[in-house]
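Number of protein chains: 2
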Amino acid sequence: MPQAGDFELATVSVPEPGPGEVLVRNVYMSVDPYMRGRMYDRPSYVPPFQLGQPLEGGAVGRVIASNGGPFAVGDAVLGTQGWREHFVSDGRGLRKIDPEAAPMSAYLGALGMPGLTAYVGLLEIAALAPGETVFVSGAAGAVGSVACQIAKAMGCRVVASAGSAEKVAWLEREAGVDAAFDYKAAGPGTRGLVAALAERAPDGIDVYFDNVGGEHLEAALDRLNLRGRVALCGMIAQYNDAAPPTGPRNLALAIGKQLTLRGFIVSRFAREFTPRFVADMARWVGEGRMRWTETIVDGIDRAPEAFLGLFRGDNLGKMLVRVGPEA
Amino acid sequence: MPQAGDFELATVSVPEPGPGEVLVRNVYMSVDPYMRGRMYDRPSYVPPFQLGQPLEGGAVGRVIASNGGPFAVGDAVLGTQGWREHFVSDGRGLRKIDPEAAPMSAYLGALGMPGLTAYVGLLEIAALAPGETVFVSGAAGAVGSVACQIAKAMGCRVVASAGSAEKVAWLEREAGVDAAFDYKAAGPGTRGLVAALAERAPDGIDVYFDNVGGEHLEAALDRLNLRGRVALCGMIAQYNDAAPPTGPRNLALAIGKQLTLRGFIVSRFAREFTPRFVADMARWVGEGRMRWTETIVDGIDRAPEAFLGLFRGDNLGKMLVRVGPEA
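Protein chains in written order, with my numbering: chain A, 1 to 327; chain B, 1 to 327.
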């Protein structure tokens, strides 16, 4: 587990935007579990962070100066240069967003990468069909909470697990899941989770959206129906393990049950799925079927704290750091 | 691990075939790893064997009497009533085979269910494409040896593991794999297997055909390339485990590498794939691309020994029990 002291807050001077460039003041920056993987020095689907260099991540901000750049002063933009208050850009990797259509922060959550992750995971990776029963772990997080509501909007039965009574209450009251449970209050180990699932989905589950790994995955394998699918989205339970975690001891069940487990990275699907995602989400938001909540930490100096809080489950909904005012 | 004493050889009288029935004398019966699963009293894709009742399994035999039944005396037939010398049948579940086209025993191996398992696993489950690199474990067995040769016929690079120097030699000399290794002679544990794979497939593997589970699966996950696929066919390494086995500790790699692991049961695909399988196999046999070998144990009294030998790796190629003469 990283410590706050592993992070350094550096004060540097921001250059003037050169010709064709803009200066952006960040408003919200995202902290996401996947960033933990970039803190190992190893080859992966995104390169590791470098010591002494700024971290990166999703952020929304305002253009505050332009030297003939591709955006106007006042424009709200979404990009990947979080973990800083200001930056200069030629516009590559930046996309203009509409703060009238949705709050700026939502473009980092339900309407952004986490929402698209839920969408791709359910529709493409797990091939979810109406009427099926879905189990979502980490269900009160940025991805999980959207996954629950997409599944509900598709006419599925949703069982959700989260790590506190408050989260469970939010899932039942706001996200509209059919049943939610506090996994910390279930019986011990995989057996406790299996019992919690069996009680809430007595006919088994057809799809498991895995944000957690570990015992959750094992319990889901136990309860999956014939030809069930697992979308392997994240395994936050083990990102900080010093020793190799135990794998699912019952993976052999996948043979007889003809299960499919499929890992995915949302970026690969972004181009193909974003248009449908945006259209579907706009409709679901308009119909009142899609709600989200955020846990906002103020000040870039507290960004490490917000990030580390993800692994303690401090967040209800999307965890964000507000690094400046919206307007 | 079952013991020979867990089996009983019962002598019963065989009834005369009734109207519309035939009497079949079995020639070869199959012993297969999947039968171990039917020795647990639990729900599964095939019902458990019952104490005091004859076991079942693939067998080929000769019709020796017919009372207006659907086959003629002398016909060779394939069915599922193995583990016995004779049986009476109304023909349901029996299929006439042509012993001129291929040896009777081959209908229980390369040209039968094990061969179809290899075919479906590679083509449908793993979506193997020409030019890819495939790793097959348990490669000298009935399924693995066909999988290796189908992959070669498709223009793939094949790395194979087996449990003895004799099997490795057969794979290299007869099955024509690009590289084979004796997993018992690799370094210890998953690390030894990873090193063996890295040496023989330095650019990684695209498809893993898993007959073994355990450390083999873990090593394959380590060496799989981006968007690699695993056909989960069998996990013979752990069928007799008294305690739950350890699962693959590195399953989280499936996320970043976007891997798909898919379990399957060949029976689900038999109807759809058998015509293509038969046509492709006939062509490959004709082209000299498909070879097989058998380990034949004589006498139904030695059937338990043959079955138990599967878990010790006693067989090179298909393990069969000869319960009577061919003609």
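Hints listed in this document are in silico derivations from the structure and should not be mistaken for laboratory results.
Wrong hints could be hidden among the right ones.
Partial pick of chain B residues on the chain A-facing surface, computed with a CB cut under 10 Å [unchecked claim]: (1) Gln-3; (2) Tyr-34; (3) Ala-72; (4) Val-73; (5) Gly-74; (6) Asp-210; (7) Leu-217; (8) Ala-242; (9) Pro-244; (10) Thr-246; (11) Leu-251; (12) Ile-255; (13) Arg-262.
If you're wondering where the values come from, they're calculated on a predicted model, not measured in any experiment.
Virtual Cβ for every residue (Gly too), placed ideally from N, Cα, C.
Hints, one by one, checked against the model:
1. Violation of the interface hint for B/Gln-3 is found here, the shortest Cβ-Cβ separation to chain A being roughly 22 Å, above the 10 Å cut-off.
2. With a least beta-carbon distance of about 9 Å to chain A, the hint placing B/Tyr-34 at the interface is held under the 10 Å criterion.
3. For B/Ala-72, the interface hint is violated, since its Cβ never comes within 10 Å of a Cβ in chain A; the closest pair sits about 38 Å apart.
4. A cut of 10 Å between beta carbons decides the hint on B/Val-73: the least distance to chain A is about 39 Å, and the hint is violated.
5. Contact between B/Gly-74 and chain A, as hinted, is not supported at the beta carbon level, the nearest pair being about 38 Å apart and thus beyond 10 Å.
6. Residue-level restraint check for B/Asp-210 holds (minimum Cβ-Cβ distance to chain A is 9 Å; threshold 10 Å).
7. Of the supplied interface hints, the one on B/Leu-217 holds, with its beta-carbon coming within about 8 Å of a beta-carbon of chain A, less than 10 Å.
8. Annotation: B/Ala-242 was flagged as interfacial toward chain A, and the flag is violated, the nearest CB pair being 13 Å apart, outside 10 Å.
9. Checking B/Pro-244 against chain A: minimum C-beta separation of about 4 Å stays under 10 Å; hint holds.
10. For B/Thr-246, the shortest C-beta to C-beta distance to chain A is roughly 6 Å, which falls under 10 Å, so the interface hint holds.
11. Hint status for B/Leu-251 relative to chain A: holds, with the closest Cβ pair at about 5 Å, below 10 Å.
12. The beta carbon of B/Ile-255 comes within 4 Å of a beta carbon in chain A, closer than 10 Å, and the hint placing it at the interface holds.
13. The beta carbon of B/Arg-262 is positioned within 10 Å of a beta carbon in chain A (closest approach about 5 Å), and the interface hint is therefore held.
When held up to the earlier numbered hints, the structure conflicts with 1, 3, 4, 5 and 8 and fits the remainder.
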